[in-house]
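Asks: Here's the letter readout for the chains.
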Amino acid sequence: MATLKSAGGPSVGVFDAGRFTAKLYSHRDHILVLIALLAIWHGLSLLLGVYWVGTPWGVAVRLYSGLLSGELLRHASYTFSEAMIGFVIGGIPAAILPFLLRRQPILTAILDPFMVGGYGSPKLALAPLFILWFGIGIESKIALVAFTVFFIVYFATQTGVRTLDPKLVQMAQVAGASESYVARHIIFPGAVPHIFTGFRIAMPYSIGGAVVAELISANRGLGYMIQLRSMNFDTTGVFVALTAVCIIVFITNWIVNFVEKRLLRWRPPSDVTAQKE
Amino acid sequence: MSVLLEVRDLAKRFATRAGREPSPWIIQGLSFSVNEGEFLTIIGPSGGGKTTLLNMIAQIDAASGGEIRFQSQLAPINDMKSLKPGLNCQIGYVTQEDNLLPWRTCLENVLFPLLVQGKLNDETRARAQTLIRAVGLAGWEDHYPHELSGGMRKRTSLIRTLVYDPPVILMDEPFGALDAQTRLQLQDDLMRLWNLGKKTIVFVTHDISEAIALGDRTLVLTRQPSSVAGEHRITIPRPRDIRGILTHPEFIELYQRIRAQVQ
Ligand SMILES: Nc1ncnc2c1ncn2[C@@H]1O[C@H](COP(=O)(O)OP(=O)(O)OP(=O)(O)O)[C@@H](O)[C@H]1O
Ligand SMILES: [Mg+2]
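Protein chains in written order, with numbering that gives the first Met the number 0: chain A, 0 to 276; chain B, 0 to 262.
Derived from the structure by calculation, the hints contain no laboratory data. A few of these clues could be false.
Cross-link-like lysine-lysine pairs, in silico, DSS-like; alpha carbons within 25 Å at most [claimed, not checked]:
{"#": "1", "chain 1": "B", "residue 1": "K118", "chain 2": "A", "residue 2": "K166"}
{"#": "2", "chain 1": "A", "residue 1": "K22", "chain 2": "A", "residue 2": "K260"}
{"#": "3", "chain 1": "B", "residue 1": "K197", "chain 2": "B", "residue 2": "K80"}
{"#": "4", "chain 1": "B", "residue 1": "K80", "chain 2": "A", "residue 2": "K166"}
{"#": "5", "chain 1": "B", "residue 1": "K198", "chain 2": "B", "residue 2": "K80"}
{"#": "6", "chain 1": "B", "residue 1": "K118", "chain 2": "B", "residue 2": "K198"}
{"#": "7", "chain 1": "B", "residue 1": "K83", "chain 2": "A", "residue 2": "K166"}
{"#": "8", "chain 1": "B", "residue 1": "K118", "chain 2": "B", "residue 2": "K83"}
In isolation and in its complexed conformation, chain A is listed as follows (with noise of 0.2 Å):
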């Protein structure tokens, strides 16, 4: 699509500077507001000393440094692959309980207050449970992400697949399809939404958990980093971690939304954004 864009445009070269400004226009008010946060935080350091919140520019040569020198890609790789693992060994059985369950209303409803249970709990107070368990290495956080993003996708999921209006269920029987073919080609395309939906929830805390635990009792990763920064007082380092963290997220959730328009381009565009393109 691009490529046919681009090549019908009037400038086609390296540097597509039509298209360059087009882009920085559509994201006018993200800059607008990053602009304003950095002039607040920048404000607050003088007003309350730069010991106590850094500011702007100290963390930006801090985190160059940072990444010059490896050690912060180290500690986010780190923590990024604790994420990444423990939502996928939380978030597949998530996304395929749901359907195993559906035909089993007994089970579903002695399983549902654990999983509500599940779903409610503080996963801060289960750090220290996780890393009494499977030790200060990278199970317990592996284990603490599963355990967040598991109940996030299985509701999400169990939305879905309850949701599917009942009528497509019908039709496709009355075509001849067997129970097995309705779960495969009704039931699971219908939920996939939802399960994204799961996903994209779930991302963010799949890294705030990985954080999460680090910072409870671990050697390596931005949570690791962030105590060890806040313990020596440093606060500009801390900052440095923090948009490290920050800049994980939204890689992940850039991924799940490409991942989710590339499998769901059936849907219409639901809000202003999405027509924009």
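Given chain A, put chain B with the ligands in place with the hints provided.
Replies: This is chain B with the ligands only, laid out in the frame that chain A set:
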């Protein structure tokens, strides 16, 4: 002609919801039969239970009492679990709502039953293309349902059933949402198709003219709880000219009689 489908003393009420009045009888004491190769049209007031009746014949819903016999096989009563929707593809059902799969394109929706039944081949594909052209959907094959108009979706759902050629077809107001021109065209096409294959069709409509123009026999249903208010044999010779039929003397007479019966 042999009786293919027999409905006797049929009764239906839906389950009462907690905290509500006991639910009313939607259908009570409804009896009729359909011969093999017959085109039966059914007319009745809105909310009278026509869709409910077709659902029970197609076995996606269970009757509460009475009998539904298809090729001398009884449908289960009050037992959702042992229903056999579509009776192994012997009964096709064009539902009142289009019920298209939103994640499949127009063409993929039309091909869906063939895919399910493992009958997708060059021949059936060609048949699907013919039907798509016949209902004026050529050029729209790759559009998703939300990109089609209500009438186009209706036409898609119509040919989705025609494409696998079930011996019996139930149709619930298939031409309701269409303009007069397209409607006439599709009525013509349906007539031709029926003349060719001698299918059995049970066709629900609100439109008295349509009921007379298409049918061998018209059944008029009463208000809820619905039963048969009247039955009219239509002997206007075939092939009929759908456009010219409105002035046929038998048509005019039937129209008056049926209108007096429709409440
Ligand atoms: N699933 C259901 N649960 C409870 N009541 C229902 C259900 N489906 C239909 N009804 C009731 O059954 C009655 C008949 O409905 P039905 O859809 O069969 O009418 P209809 O004759 O097809 O009407 P229309 O011509 O408007 O399509 C209505 O009063 C409706 O409220
Ligand atoms: Mg109806």
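Asks: Against this structure, judge whether each hint is valid.
Replies: Hints, one by one, checked against the model:
1. At most 25 Å may separate the alpha-carbon atoms for a hinted pair to count; B:K118 and A:K166 meet this at roughly 23 Å.
2. Restraint check for A:K22 and A:K260: the C-alpha separation of about 19 Å stays at or below 25 Å, so the hint holds.
3. With a CA separation close to 32 Å, the supplied pair B:K197 and B:K80 exceeds the 25 Å bound.
4. Of the supplied pair hints, the one linking B:K80 and A:K166 holds, its CA atoms being roughly 16 Å apart against a limit of 25 Å.
5. With a C-alpha separation of about 29 Å, the suggested pairing of B:K198 with B:K80 is violated against the 25 Å cut-off.
6. In summary, the hint linking B:K118 to B:K198 is supported, as the alpha carbons are separated by about 20 Å, within the 25 Å threshold.
7. Of the supplied pair hints, the one linking B:K83 and A:K166 holds, its CA atoms being roughly 15 Å apart against a limit of 25 Å.
8. Distance hint between B:K118 and B:K83 is fulfilled; the C-alpha atoms sit about 20 Å from each other, no more than 25 Å.
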